[in-house]
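S.K.: The primary structure of each chain is shown beneath.
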Amino acid sequence: MKQLMIGNQAIARGAYEAGATVATAYPGTPSTEIVSSFAEYEGVYAEWAPNEKVAMEVGAGASIAGARTLVAMKHVGVNVAADPLYTLAYTGVNGGLVIVSADDPGMHSSQNEQDNRGYGRFAKLIVIEPSDSQEALDFTKAAFELSEEFDTPVMLRVTTRLSHSQTMVEIGEPQAFKLKEYVKNPAKYVMLPAYARGRHVEVEKKFLRLREYAETTPLNRIEWGNKSLGIITSGVAYQYVKEALPEVSVLKLGMTNPVPQKLITDFAGQVDRLVIVEELEPVIEEQVKSWGIKAEGKNIFSLLGEYNSELIAERLAHVPLPTGFGLEGDVPARPPLLCAGCPHRGVFHTLKKMKLTVMGDIGCYTLGALSPLDGMDACICMGASIGSALGMEKARGPEQAKKTVAVIGDSTFVHSGITALIDVVYNQGHTTVLILDNDTTAMTGHQDHPATGKTITRQATRKLDLLALVKAIGVEHVQVVDPLQLNDLESSLQEALNRQEPSVIIAKRPCVLLHPVTLASRYYVDDELCTGCKSCIKLGCTGVSFDDENKKAIINPGCTACGLCPQVCKFNAIKKMEV
Amino acid sequence: MPDKTTNILIVGVGGQGTLLTSRIIAQVAVQMGYDVKVSEVHGMAQRGGSVVSQVRYGNKIYSPIIKKGDADIILAFEKVESARWLDFLKPDGMVIINNERVNPLPVLSGKVKYPDQIHEKVAACLKDTVMVDATDIASQCGNPKAANVVLVGMLCKAIGLPEEEVEKAIRDIVPAKAIQVNLLAFKKGCELMAG
Chain A
1 MKQLMIGNQA
11 IARGAYEAGA
21 TVATAYPGTP
31 STEIVSSFAE
41 YEGVYAEWAP
51 NEKVAMEVGA
61 GASIAGARTL
71 VAMKHVGVNV
81 AADPLYTLAY
91 TGVNGGLVIV
101 SADDPGMHSS
111 QNEQDNRGYG
121 RFAKLIVIEP
131 SDSQEALDFT
141 KAAFELSEEF
151 DTPVMLRVTT
161 RLSHSQTMVE
171 IGEPQAFKLK
181 EYVKNPAKYV
191 MLPAYARGRH
201 VEVEKKFLRL
211 REYAETTPLN
221 RIEWGNKSLG
231 IITSGVAYQY
241 VKEALPEVSV
251 LKLGMTNPVP
261 QKLITDFAGQ
271 VDRLVIVEEL
281 EPVIEEQVKS
291 WGIKAEGKNI
301 FSLLGEYNSE
311 LIAERLAHVP
321 LPTGFGLEGD
331 VPARPPLLCA
341 GCPHRGVFHT
351 LKKMKLTVMG
361 DIGCYTLGAL
371 SPLDGMDACI
381 CMGASIGSAL
391 GMEKARGPEQ
401 AKKTVAVIGD
411 STFVHSGITA
421 LIDVVYNQGH
431 TTVLILDNDT
441 TAMTGHQDHP
451 ATGKTITRQA
461 TRKLDLLALV
471 KAIGVEHVQV
481 VDPLQLNDLE
491 SSLQEALNRQ
501 EPSVIIAKRP
511 CVLLHPVTLA
521 SRYYVDDELC
531 TGCKSCIKLG
541 CTGVSFDDEN
551 KKAIINPGCT
561 ACGLCPQVCK
571 FNAIKKMEV
Chain B
1 MPDKTTNILI
11 VGVGGQGTLL
21 TSRIIAQVAV
31 QMGYDVKVSE
41 VHGMAQRGGS
51 VVSQVRYGNK
61 IYSPIIKKGD
71 ADIILAFEKV
81 ESARWLDFLK
91 PDGMVIINNE
101 RVNPLPVLSG
111 KVKYPDQIHE
121 KVAACLKDTV
131 MVDATDIASQ
141 CGNPKAANVV
151 LVGMLCKAIG
161 LPEEEVEKAI
171 RDIVPAKAIQ
181 VNLLAFKKGC
191 ELMAG
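Chains as they are written, first to last, in the UniProt record's numbering: chain A, 1 to 579; chain B, 1 to 195.
Every clue listed holds true.
Below, a list of computed lysine-lysine pairs in the DSS-like style, where the Cα atoms sit at most 27 angstroms apart: (1) A:Lys-2 to B:Lys-168; (2) B:Lys-145 to A:Lys-576; (3) B:Lys-79 to A:Lys-552; (4) A:Lys-205 to A:Lys-184; (5) A:Lys-551 to B:Lys-113; (6) B:Lys-113 to A:Lys-534; (7) A:Lys-294 to A:Lys-227; (8) B:Lys-113 to A:Lys-552; (9) A:Lys-352 to A:Lys-551; (10) B:Lys-113 to A:Lys-352; (11) B:Lys-111 to A:Lys-353; (12) A:Lys-262 to A:Lys-206; (13) A:Lys-538 to B:Lys-79; (14) A:Lys-352 to B:Lys-111.
Think of the hints as simulated: they come from the structure by calculation, not from any bench. Keep in mind the model is a prediction, meaning the values are calculated, not measured.
Given these sequences and hints, build the entire structure.
M.R.: This is how it looks when you write it as structure tokens:
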């Protein structure tokens, strides 16, 4: 019987059915559920790697050792893993190696919307794009076959709308896959220049074979309809096209690198007008045009964000967009925000109070950048906080270090903050680093990491000791503070900033969502004492709000009694009562 | 089986349980033999942002997302969210609103006011708008978090889903210890709409 699965679960199922026995990833929306779902199958190995580069390297080793291997990451994670990835295209594989790149058009939960099909052309990888969960399962299985047949890693490129949409799936039986024999072969796997030159020849040869294969692969298909309009499309955009224009002719590309020149040329020759509908970059369009074929694409559709069926109907069939009800003006924006009781809130309140320059990082705490906390100056990518704080100090001199902090979460520090901290020590920076240790990878849905002491399957393992690690790097001034104790936090920060040496403050308190609070006490506002100054409101917490009629603060039911707002109230108006 | 696609938009604030609700409704549609697609929001918006889950079912569904002006019904877990997503509703569509206010960040920080009489403004646009104190009703059933299932009960009656199919889906999807409360909350929702 068919069942509903999100795309990510279907990829995991496909890998399992293909006989994959090793899967590795660093969590990142929208890719996270791929390997966490895979981990639920019996008889397989799944892991959270500290970052995507390590995941790719574990994947490389497992493939060379003969196992079918799945490596998953979000689009920007592929940047981290790009170094091994490019060279894996040269070495090729032994057991099939499938790399999932989960792109995020529309930036639902990302810092950019790069189109990773570009990696396919650049690194000479096969790129496969499913358009629903059934294809996610089937194409993953096909990807393992192709990886072995053409001796190359295969990139399965998906997008948020596929990863996080549930569609109907018919599952199959898992296939028994015997570990392939491992034979030492330095000319294939040791990428010394002399060997690499030989492998580059192989890459180009197999790409010629792949171009031939692309012409006939069942991954690509034509659905003939009215020939006045022909559309070439891939991924979830195919679904939008079918929804909007069910009567037109469609060439659906399941393999988008390499693209089939002859198939496309024939298709183009049979339709009056050719339009390419692809989200983000004109990857297919530019190739088609380079062959001298007249085609439209980005002259009609945006380079930005996600598409949808009404957009396609409007642009290609002139169906007007609905006018709506005109209430938008009444609706306040609702950006995401730190949870009530979040241990990060006190940190950003303090950083703002101290008027510090804050080089931030990727995680829930990036939300500290928003009003009213306004607590961040820059946030670039995973791990960038520490290096960029050092750069700021080196550019503007040691005085800058006295008013600059790097803020980074525990999981992000392990991901790619450690080497930057080594740079600070090595190059004699005075940088102050705040590690916000909430004992989880919170933003992506609470995955474990080396410093939580638990594996992907929640088994106990050796816990990475952040304090000992930081000391071993050579930071002599390390403090551990509770971020909900604002006075301690501020004095620790001030002391660290004044030092002519690197300092690390570990702000340690678990994510409030990890351990549901059982309230031993509650807070309330004493109306006699509340002056309506709104100091508590400036914490930006859903647990406390301002009563416009009464001109007083009120504690809301969502309050977790974290004790932050009483600390910022100058009039002792927020009081505790036992329950 | 009628050759008609049903589009249901479930809107709320990250953490309110839109994901679970969409999964219950989708499971009902699967049990009834429809083609079903559901689009969910994971990641950053789940931290108190505006979230939307979309359920589509019918004989053949292509797009996992609902077109503007094409939703048959909106379930709103929070008042202002009903207005935010209203443009996705058909002109003759229906909105079921939980009478719950969650202040968004710009309201919390005092930059803008929470809109007055948002329910009345939504109601003025439509033929069918229902507002209900689902959180109170769920509390009476044993857990305020079952408010979303009160709304599912109302939806069930509004679009004519078989009650026993919804109950089966609740039993399959809701964690064991919460099943009884949810079944009770569901019944209450059905009664509200029927009455």
